[in-house]
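Protein chains in written order, with my numbering: chain G, -15 to 392; chain F, -15 to 392; chain P, -15 to 392; chain B, -15 to 392.
Please note that a few of the clues may not be correct.
Intra- or inter-copy, both count: the list cannot distinguish identical chains.
Within a straight-line C-alpha distance of at most 30 Å, the following computed DSSO-like cross-link-like pairs (lysine-lysine) qualify [said to hold, decoys possible]:
#1 K261 / K389
#2 K70 / K374
#3 K312 / K134
#4 K265 / K304
#5 K128 / K306
#6 K300 / K70
#7 K240 / K265
#8 K187 / K261
#9 K374 / K227
#10 K210 / K187
#11 K249 / K61
#12 K61 / K312
#13 K315 / K300
#14 K265 / K224
#15 K265 / K310
#16 K187 / K53
#17 K265 / K227
#18 K70 / K240
#19 K61 / K224
#20 K366 / K224
#21 K374 / K224
#22 K240 / K261
#23 K249 / K306
#24 K227 / K240
#25 K227 / K134
#26 K134 / K210
Derived from the structure by calculation, the hints contain no laboratory data.
So the chains spell out like this:
Protein chains: 4
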Amino acid sequence: MQQHKTTIINDPIYGFIAIPNGLIFDLIQHSYFQRLRRITQMGLSYLVYPGAHHTRFHHAVGCLHIMQKALETLQNKGVVISDAEKEATLAAILLHDIGHGPFSHAMEHSIVEGIHHELISLKFMEALNQEFNGSLTLAIEIFKGSYSRKFLNQLVSGQLDMDRTDYLKRDSFYTGMAEGNINTDRIIAMLNVHEDELVVEEKGIYTVEKFLVARRLMYWQVYLHKTSLVAEQLVTRVLKRAKELSHQGVRLPASKALDHFLTHKINATNFDTNALKTFAKLDDYDIISAMKEWCSHEDFVLRELSTAIIDRDLLKVKIKNKAFAKAKLDKHINALQDKYGLSQHEASYFVFTGTISNQAYSYTQGGINIKMANGKIVDVVKASDQLSLKSLTRAVVKNYICFPKSKG
Amino acid sequence: MQQHKTTIINDPIYGFIAIPNGLIFDLIQHSYFQRLRRITQMGLSYLVYPGAHHTRFHHAVGCLHIMQKALETLQNKGVVISDAEKEATLAAILLHDIGHGPFSHAMEHSIVEGIHHELISLKFMEALNQEFNGSLTLAIEIFKGSYSRKFLNQLVSGQLDMDRTDYLKRDSFYTGMAEGNINTDRIIAMLNVHEDELVVEEKGIYTVEKFLVARRLMYWQVYLHKTSLVAEQLVTRVLKRAKELSHQGVRLPASKALDHFLTHKINATNFDTNALKTFAKLDDYDIISAMKEWCSHEDFVLRELSTAIIDRDLLKVKIKNKAFAKAKLDKHINALQDKYGLSQHEASYFVFTGTISNQAYSYTQGGINIKMANGKIVDVVKASDQLSLKSLTRAVVKNYICFPKSKG
Amino acid sequence: MQQHKTTIINDPIYGFIAIPNGLIFDLIQHSYFQRLRRITQMGLSYLVYPGAHHTRFHHAVGCLHIMQKALETLQNKGVVISDAEKEATLAAILLHDIGHGPFSHAMEHSIVEGIHHELISLKFMEALNQEFNGSLTLAIEIFKGSYSRKFLNQLVSGQLDMDRTDYLKRDSFYTGMAEGNINTDRIIAMLNVHEDELVVEEKGIYTVEKFLVARRLMYWQVYLHKTSLVAEQLVTRVLKRAKELSHQGVRLPASKALDHFLTHKINATNFDTNALKTFAKLDDYDIISAMKEWCSHEDFVLRELSTAIIDRDLLKVKIKNKAFAKAKLDKHINALQDKYGLSQHEASYFVFTGTISNQAYSYTQGGINIKMANGKIVDVVKASDQLSLKSLTRAVVKNYICFPKSKG
Amino acid sequence: MQQHKTTIINDPIYGFIAIPNGLIFDLIQHSYFQRLRRITQMGLSYLVYPGAHHTRFHHAVGCLHIMQKALETLQNKGVVISDAEKEATLAAILLHDIGHGPFSHAMEHSIVEGIHHELISLKFMEALNQEFNGSLTLAIEIFKGSYSRKFLNQLVSGQLDMDRTDYLKRDSFYTGMAEGNINTDRIIAMLNVHEDELVVEEKGIYTVEKFLVARRLMYWQVYLHKTSLVAEQLVTRVLKRAKELSHQGVRLPASKALDHFLTHKINATNFDTNALKTFAKLDDYDIISAMKEWCSHEDFVLRELSTAIIDRDLLKVKIKNKAFAKAKLDKHINALQDKYGLSQHEASYFVFTGTISNQAYSYTQGGINIKMANGKIVDVVKASDQLSLKSLTRAVVKNYICFPKSKG
């Protein structure tokens, strides 16, 4: 009468999440993973959606939960999955985002320029694999997509993977944007495997369609919300300015870890074990705390950008389909230079244009295959009866301009 | 310090529904309206979705609730709505479905052939208007669309009206088909009025898109679910057979009200006050009870069709895009004739083909107008950035065939 | 690569319910079980809570679902449960209410006087056991409590069984009385077995307390709601009157099955196979349909009681702690006799008193045992830190009087 | 046709929250209020409940929302409330928690010893009142309870106030501890005013009982959860140690604001305007960031306590009804001294005992008055039919001991 010990985690979304003792439990306990408790899933989106303070830790644990469900569902449908494959796939999804830094997209465009978080996730996994004596070798293969059974990788990272399935549901839940809610139970119930590739059963077509439309809606109404957009741009710019000043020799208040990344030029080629260890100490608290101190710094750009974020007194932003004329940009820049005696370079920290885009469905990312009742495998766009999905394959691009509010 | 008396109704969906004393309260108390407690909103769909036992009474009260919210929202946005208009619009939405009979679509194809439920709703309203001394005159105008301020009618009956808004949410809730859930609060928050026509504000485009996709999904996965389809066809056929037998002089067990409709030929031209009074006594209980008795009737067709419904031992149904060959139909009919010694006419009660179709969005029903940020009014299909809605304007048609399961 | 076939049922509460193929599936398909689709779980409570149209079918399937969860949870904790025990326990909970008739409590006090629904459930199970060649023998033992492993019976029928766990959650959900909601997942997670008896782990004390308080609240606010109470009393009385008239030789409109019970005196001793077969045809539709016809019957009592229910124009009801004086009762009866020329016997159908009571927690029903962290087994009332539970062991009794509204 | 401008905030709990333009809007925009975005409502409880990252900002806005509902409900019941009273009550509830610092309870026992957060809230309100030219004078009166109409204060701060109503619901929601959920709509619907005091209508007795039981459950299962308890104790101790070291002249890495409170002795008498301005810069980020730096500090106590929190590698904790023997405490302290060569004072940072207690209902806090159907005002404990509430008036006290886990 052996007792299976499991730790239970309360989740507002799934109710209870069971963590089996063993490798998975030990990974969660590791300080590299605990760090994710201090990194919000949605960056500064809480400035728009005050409920959106959920963390990458919570998302990763949520992914773990639905991956367990997905693997059990496939097993119940007769797909053979070994215990080793199961544990490795659970480890892979648990760690898939471990390389995220604070305000990830902002960082990738500032202090760790050009290093994608997936590369860092891989480096973390390799470091953990050493520490755990090779127990993560199969997980890494699955994560990288080099393992023979493709569906395991597709569950971790595909157009209908457990990552997206959890984050759409979770972000919808915490933002209160109920329209983005998706039915994870049904999505999982519709999955199957055909020749070691992930497929969706025909009766799941509407569920997939709903998933894609929900995702598109979340992009335009939440992830690309103009206030989130401007907040993320401001963080990018404040970090760029801080790095610029640091390289000019100005010593800024910052945690040891942040200081390292401000004063060194870290890129994909010199991101070594030491960089990883320092990166493992970076989280939202380093960035926000630094900005709080910078609110009283003498540099105009650093101070004003930091204050804008901390006091939530952001730039104005306009969005339209066509590109903004350079003249419009210049007008705002000149006005700002005149008002505060700034150089054009300094003023351009507050006035800028850019584009946002989203493609709801992409063949090139592998597509979503439907297993028709007659056994044929068809791309979901072809399987859908109305071609309504076809239109989702085109990327939508919009332009924005940001500039300071005119105050009294 | 006058106290406004209101009756509070508990609703699993909206929480509390407040019923103001006065006309609306009296209408709800009327036996014509109480009858709706005995008519399920979704016919026999509970044979597929066992939670779907909600009634037309509950739907009508739900519509009343969100109509109150919608009118208040518009008033808060500066739209002038008089107390008389408000009460009339509430009465119109409350009574919009009062003409539904039990298993409405089945009845319209059998015992009250060719009479649409909207016509009967109107007759009920006129009868009530007499009883209530003309208090419903404006409500009837709004219901018919003859009142000058179009948006009031559009809230009752349009492509984005409070009827659809409630039934999609309610049917999704009670079936457990969470994917059909829509955000009524957000839909209502996006409404506005432009030149007395209902419009949706630009930022509500994704909400509209989500609404249309949810509706499409509910059609194909719920309303046109193959088991619901076959159940509805069976009810239609059992009533046709009963009428056929009655007109041949066979006296069937039936309630007085049902007997009247079985033994008389009621159509749109002879549906008089007497017919209305008898119709007002018909509900699900008459039909189901009759079928229960007919399970032991000597007529093979009547008995077997009734038993199929009562014991939920339905016909087999297949659905495909192309029409079924007549040869296939004939094969099943012949087999049935041979097995039970039936005439071709009798056998055709159990073997038949047909089509189901749905058009998610239709210009001809008035469309949904978007008020752009720049003030222009644009149809939602044009306003949407991806033309993904355009594909929803095409009707999708599918073919089905029903025939008996082959048993032991 | 064998595929486990399961049927999936959508449930608004639990999401998906999986029905394993085999005995359980066949039982659900049986017409005896399908009958439960036509019996509402809460009788006429929908006259107060318009969402409460859920059926005994749905409740039974819900019980099946959480019993599966409970048994799996216990197995995961190391409790050995054989496949045969599992199937039998699932069958027992599935069928535990199969003996309910329409408006069960009303019937037990009128047309099948003195026969408790549990006895009829047992008779149904025995009939099904014959039909299924003895496959239900163990299920029946568990249901009766004669099987050696008590906890299986306690899960079916105890103070914290899966029956109560489902109906509290389900009734709370459908009435919209959110305060009665309980956390089934947590309750199940806290269960364990000690010497073949069901226990709750110590950390589950607050969960049990919450369960008992929720149950008490549901009793007083929902099950014993004064409008539900009067509606149930009216159904009891209309059936009593119908039986009285039938035994006087009056032939009333009624279905064959109902007619049998009106014209025969069925009690616990003569409830034979034939009675069971007839009983298996009785459901809400027989009773409601009959009352609809009786609304135009010449007998004053039968007609007025039926109309009161059908048009929801009920008696007035008052509730207080002390008993009502006989003088008060007589006053109302006399007034009614005078007004309509009724005999005292007839008038007493409309004027009556009675008591309602509820005991939230009862030792005599077996109690709820807590397994303390130190291994000791203690009754929950003793284990609770505040004795707040002790007060729940006292029965609360209230008195009511019903009489006609005085109309214009 | 004047348009009322309102800002809409998405809330996962209430859907939409409308913020009227004007004073309330301006208060929310103020940096003092925006600071609350960086203070979690539940301190380090997210180490147990990973969803519990919601902030005091969100709670305050939630309180605002239900206060609007409560005031409207009372007005609909005929209670006269002036526009000025309404705005002031909304401002009072919005700002009631503005004085909370990060990890409030921990701070009150360490760096701002002996200053209760309500006092600081009052100081903030007075500062804002100056800035807003006296617009908060009435709000402050209501907050302090000095305004003549008591019910306005009781809605802000009483046994059944909007503060508790929101935080119980919100904390239950974000922790996923569904059993603590309460029905805010129903609570509000049951409120009324009698002689300017807040009362609950008789039919709301069960709702109040449910509220009190839910609150008790949340205390024992969430707020006093042993892991939350030990985490809070660790933060208190790490701040005490930091202050101790600072006063010994050790200069610790810390933000300017935190440094101020570590190096100065701030108490209730010297908490002046300057202290307030510095306090207004303190939030969770200062504390967590400092602890992250302290993880590599040379002081054993500071380093190990900080690491325990940051890596979530906490002390062991035991809870029981009786006090722990001093011998037990000493044993752990001695073992620790021996192992790491610590002084007794240092070791006592890691080994300590204490008590936790909760009283679910207290007369001395004002009680909850029930307005009986007969007009009498009765305390809820007397009004309840079972005296089950009486037991909730007794305080429950438990003892705990914390000590290091024994490692490898």
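The hints, checked one at a time:
In the homo-oligomer, the alpha carbons of K261 and K389 lie at most 30 Å apart only across protomers (26 Å), although the nearest pairing inside one protomer, at 41 Å, exceeds that limit. For the homomeric pair K70 and K374, neither the shortest alpha-carbon distance inside one copy (35 Å) nor that between copies (43 Å) is at most 30 Å. Taking the shortest alpha-carbon separations for K312 and K134, neither the intra-copy value of 50 Å nor the inter-copy value of 42 Å comes in at or below 30 Å. Taking the closest pair of Cα atoms, K265 and K304 never come within 30 Å of each other, the shortest separation being 39 Å inside a single copy and 38 Å across copies.
Neither within a single protomer nor between protomers do K128 and K306 lie at most 30 Å apart by alpha-carbon distance, with minima of 38 Å and 43 Å respectively. For the homomeric pair K300 and K70, neither the shortest alpha-carbon distance inside one copy (49 Å) nor that between copies (32 Å) is at most 30 Å. Taking the shortest alpha-carbon separations for K240 and K265, both the intra-copy value of 9 Å and the inter-copy value of 21 Å come in at or below 30 Å. Proximity of K187 to K261 under the C-alpha cut-off of 30 Å is found in neither arrangement, the shortest distances being 48 Å within a copy and 40 Å between copies.
Within a single copy, K374 and K227 get their C-alpha atoms no closer than 44 Å, and across copies no closer than 48 Å, so neither meets the 30 Å cut-off. Taking the shortest alpha-carbon separations for K210 and K187, only the inter-copy value of 12 Å comes in at or below 30 Å, while the best intra-copy value is 37 Å. With identical chains, the CA atoms of K249 and K61 are never at most 30 Å apart, being 51 Å at best within one copy and 53 Å at best between copies. In this assembly of identical chains, the alpha carbons of K61 and K312 never lie at most 30 Å apart, being 60 Å within a copy and 33 Å across copies at closest.
For the identical chains of this complex, K315 and K300 are intra-copy neighbours only, at 15 Å inside a copy versus 63 Å across copies, given an alpha-carbon limit of 30 Å. Taking identical chains as interchangeable, the C-alpha atoms of K265 and K224 lie at most 30 Å apart whether they share a chain (20 Å) or sit on different chains (24 Å). In the homo-oligomer, the alpha carbons of K265 and K310 never lie at most 30 Å apart, since the shortest distance is 41 Å inside one protomer and 39 Å across protomers. Proximity of K187 to K53 under the C-alpha cut-off of 30 Å is found in both arrangements, the shortest distances being 19 Å within a copy and 27 Å between copies.
Both within a single protomer and between protomers do K265 and K227 lie at most 30 Å apart by alpha-carbon distance, with minima of 18 Å and 24 Å respectively. Within a single copy, K70 and K240 get their C-alpha atoms no closer than 39 Å, and across copies no closer than 49 Å, so neither meets the 30 Å cut-off. In the homo-oligomer, the alpha carbons of K61 and K224 never lie at most 30 Å apart, since the shortest distance is 52 Å inside one protomer and 43 Å across protomers. In the homo-oligomer, the alpha carbons of K366 and K224 never lie at most 30 Å apart, since the shortest distance is 45 Å inside one protomer and 40 Å across protomers.
In the homo-oligomer, the alpha carbons of K374 and K224 never lie at most 30 Å apart, since the shortest distance is 40 Å inside one protomer and 43 Å across protomers. In the homo-oligomer, the alpha carbons of K240 and K261 lie at most 30 Å apart both inside one protomer (12 Å) and across protomers (27 Å), since each shortest distance falls under that limit. Proximity of K249 to K306 under the C-alpha cut-off of 30 Å is found in neither arrangement, the shortest distances being 36 Å within a copy and 59 Å between copies. Taking identical chains as interchangeable, the C-alpha atoms of K227 and K240 lie at most 30 Å apart whether they share a chain (14 Å) or sit on different chains (21 Å).
Within a single copy, K227 and K134 get their C-alpha atoms no closer than 42 Å, and across copies no closer than 56 Å, so neither meets the 30 Å cut-off. Proximity of K134 to K210 under the C-alpha cut-off of 30 Å is found in neither arrangement, the shortest distances being 37 Å within a copy and 34 Å between copies.
In this structure, the hints that do not hold are numbers 2, 3, 4, 5, 6, 8, 9, 11, 12, 15, 18, 19, 20, 21, 23, 25 and 26, in rising order.
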